[in-house]
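**Q** Here is what each chain is made of, one letter per residue.
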Amino acid sequence: MDESLTTAKMSEKSGEESHDQVDPKLWIERHGDYLFRFALIRVRNETIAEDLVQDTLLAAFKGRDRFSGQATERGWLTGIMKHKIVDHFRRLARERTVNSDDSMPDELEGRFDDLGLWKREPESGPMDWGPDAAGQMQRNEFMVALKQCISQLPPRAANAFVMREMEATDSSRIQDVLGVTPANFWVLLHRARMQLRLCLEQNWMKH
Amino acid sequence: MPLNPLQKITHAMMRLMVRVMPSCRDVSQLISEGMDRHLPLRKRLSLRLHVSMCKYCRRYEKQLHYLHEGVDHYADPEKNTVEKSLPPAARERLEKALERHTK
Numbered sequence: 001m002d003e004s005l006t007t008a009k010m011s012e013k014s015g016e017e018s019h020d021q022v023d024p025k026l027w028i029e030r031h032g033d034y035l036f037r038f039a040l041i042r043v044r045n046e047t048i049a050e051d052l053v054q055d056t057l058l059a060a061f062k063g064r065d066r067f068s069g070q071a072t073e074r075g076w077l078t079g080i081m082k083h084k085i086v087d088h089f090r091r092l093a094r095e096r097t098v099n100s101d102d103s104m105p106d107e108l109e110g111r112f113d114d115l116g117l118w119k120r121e122p123e124s125g126p127m128d129w130g131p132d133a134a135g136q137m138q139r140n141e142f143m144v145a146l147k148q149c150i151s152q153l154p155p156r157a158a159n160a161f162v163m164r165e166m167e168a169t170d171s172s173r174i175q176d177v178l179g180v181t182p183a184n185f186w187v188l189l190h191r192a193r194m195q196l197r198l199c200l201e202q203n204w205m206k207h
Numbered sequence: 001m002p003l004n005p006l007q008k009i010t011h012a013m014m015r016l017m018v019r020v021m022p023s024c025r026d027v028s029q030l031i032s033e034g035m036d037r038h039l040p041l042r043k044r045l046s047l048r049l050h051v052s053m054c055k056y057c058r059r060y061e062k063q064l065h066y067l068h069e070g071v072d073h074y075a076d077p078e079k080n081t082v083e084k085s086l087p088p089a090a091r092e093r094l095e096k097a098l099e100r101h102t103k
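Residue numbers (our numbering), protein chains in the order written: chain A, 1 to 207; chain B, 1 to 103.
The hints are simulated quantities; they were obtained by calculation from the structure and are not laboratory data. Don't take every hint at face value.
Simulated coverage check for chain A against chain B, where a stretch passes if three residues somewhere in it have a Cβ under 8 Å from a Cβ of chain B [to be verified]:
1) 23-32
2) 44-55
3) 113-120
4) 123-129
5) 139-148
6) 182-191
In silico contact screen, one side only, chain B against chain A (beta carbon under 7 Å); selected entries [what the hints assert, rightly or not]:
7) Gln-29
8) Glu-33
9) Ser-85
10) Ala-90
11) Ala-97
12) Leu-98
13) His-101
For each residue, glycine too, the CB sits at the ideal point set by N, CA and C.
Next up, chain A with everything else stripped away, as it sits in the complex:
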C-alpha cells in the first residue's frame, strides 16, 4: 500500500543520489533479523512475520527514491514495516467475525464483590509485587511470562494492546483499524491490561 511510503520521510533531494545508497540485498544482511524480530514480537506468528519482512523490503525497493539520508536506513525500513503491521491487523479484523472478546471473563469479573470492590475473602485484589518489581521487568523471566500472557489474550484484545502499548498508536486509529466503537475499544484495552496483569502475577511474580 502506497500509504506506507508517503508517510516515510521524503527526500528533498533528487532521486538519483539516493539510488546509489540503496542496496536491497544488503538490507537483509543488515536489518533482516531486526525487522523479523520487530514483526514477530508484534504479530506473534513466524510465517506472518516473514511475509511482513518481504512486503516491507519490496515496498522499500519500490519507494527507494523517497529514502532520504536524513533518516537512518533502519529507521526508514522500520517506518514502512509499522504500516505493514497495521495493514495486517486491519485485514485480520475484516476477515474475522466479531466475537465477544471485549466482555470481561468470569476469571476477571469474579474478583469483584457485589459492590464492585476487590473481594477481601479470598483476597482477590492485586498483590504487592515488592519494591524491585520495576527492575525485574527488564529480565528474561519477565519477557518469557509476558510473551506467554500476551498469547493467551483474545486476538483482538492482544492486537489493540500491541498497537496502543508498543506503538502508541492513536486510539481513534486503532478503533478504525479494528472496526470497533470507541466504547468497545476502551473495554478491549482495559480487559487486555487486566488480564495481562493477572496473568503476570500468577505466572511470573510467584517465583
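Given the coordinates of chain A, assemble chain B onto it according to the supplied hints.
**A** Positioned in the frame of chain A, the structure of chain B alone reads:
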C-alpha cells in the same frame, strides 16, 4: 487469611463510600483509560480519592505502569530476549524473493 480489625474497618468504610464514588471495578477501567486519554476533572478527582483510600487500586495503577515499561522494553528487537531470530531458511527465501522482484 482472616482480616485484622483495621482491615475490617477500612473495608466497611469502602463499602459505604462506594455508594457515592466509583467502585474498584470502575476505577480499574478509569486507570486504564487515563493512560490513553485525558479524563474529565470530575473523573480524575474521584479516581484520585478512591486510589488514596484503596491499596489494591494503588497497586493496580502502579502495576499497569510497570507493565507499560516492561512492554516498552519487550517491544524493542534489540532488548527482547525471548523472540527468535530470522531463521536461515527464511533468510534464503527473502533473498530469492528480493532478487526476483528487484531485477
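**Q** Starting from the hint list further up, note which numbers the structure goes against and sort them upward.
**A** none
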